[in-house]
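From first to last, the protein sequence lines stand for chains A and B.
Here the first sequence is numbered in this note's numbering, starting from 1226 and rising by one per residue.
Here the second sequence is numbered in this note's numbering, starting from 1226 and rising by one per residue.
There is no bait here: all hints are sound.
Note: identical chains are not told apart, hence a pair may lie in one copy or across any two.
Calculated cross-link-like contacts (lysine to any residue; reagent style SDA-like; alpha-carbon spacing at most 25 Å):
hint, residue 1, residue 2
1, K1293, E1240
2, K1284, V1270
3, K1284, R1343
4, K1293, S1399
5, K1293, E1398
6, K1293, E1338
7, K1284, S1262
8, K1293, A1358
Because the hints were derived from the structure by calculation, they are not lab data.
2 protein chains.
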Amino acid sequence: MPYGDAMAARTRSEERRAEIVRAALDVIAERGYRGASLAAVAERVGLTQQGLLHHFPTKEALLVAVLKERDQWDAVPDSRWRADLLASLVEYNAMRPGIIQTFSALLGESVTEGHPAREFFTERYGTVRASMAAVLRAEYGERLPGGLTPERAAPLLVAVMDGLQYQWLLDPESVDMPAAFRDFLALLGEDPGPGGA
Amino acid sequence: MPYGDAMAARTRSEERRAEIVRAALDVIAERGYRGASLAAVAERVGLTQQGLLHHFPTKEALLVAVLKERDQWDAVPDSRWRADLLASLVEYNAMRPGIIQTFSALLGESVTEGHPAREFFTERYGTVRASMAAVLRAEYGERLPGGLTPERAAPLLVAVMDGLQYQWLLDPESVDMPAAFRDFLALLGEDPGPGGA
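Here chain A stands alone, though its shape is the one from the complex:
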């Protein structure tokens, strides 16, 4: 087919993919991780399941696409990140349990052998740790008030966000995720003084 037609076909396919990803996000919000079957998403966009498989060969591939898209929407240019924006992000996450549940469930699966989402999460964490270190460096310089370097604080910051999500998803009445995260930011940002480290 002529070059122009091939371009148009690729654009249509990309638009279709984007539409499927948005539909998957809706289904996740309404029915959660387990309810987000390929069949439910296909129905939402008026495709057969076979038609959907043409764009996303597995449920995992579709969910990874949803999580990548969320990362793009959540993204803030590195130069504009501040630690207190992270507190806002956690506050916001507490209002959207569907996507947080999907993230947490898929992260859990991804640590098993040969899981299709493993590469996505491994790369993502490398990027996120580096990005968080940059945020902390911009805010505090080479050493945080609590005594850690940005590179040593970054994995803790990410771990607290992820770990709190599990506790909160399991028992939202008992775990105030945003408040707990603010407690952690305060620990990172406080000067231990001459008696400290």
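For this one, chain A is given, so just place chain B on it according to the hints.
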């Protein structure tokens, strides 16, 4: 059947269950979470898969039994816990990726609707948070040097342990889990001084 026979039958069944749980732990250590199929465990103990299902109706039920058993082995009387023992536990966990992977994968699944391990994890986290708060209170009193109460520090402590496990399982070369956890303990235990909170 007479009372004594019933007792004996129950004991035999409990012994059989314990044997299956130990076999499952071995299979997990050798083959990881995905390799720990009911078929593989049944073969290890010389049972048919049907025979195994009599004791554990699902893979999830068997894995929850394994995790409960691990919790019992890892248990330290509350009066003997100290924060630095937690660092030793994390050090030790870094040597047994199979069971940590199983824990992390099942925790991930458990946040989905109606998952058979959800109740186990919800109860476990309630217990673990209370136990960690007691440990921190015994060590630091009503307020930690960093300024938090034991009840506010406990969910962070648990979150860091869990969150670091995911990062470490995905990328053990990039994440020094025990060192990162010691960094966190130092943050909790340091006096922020008069300029702090």
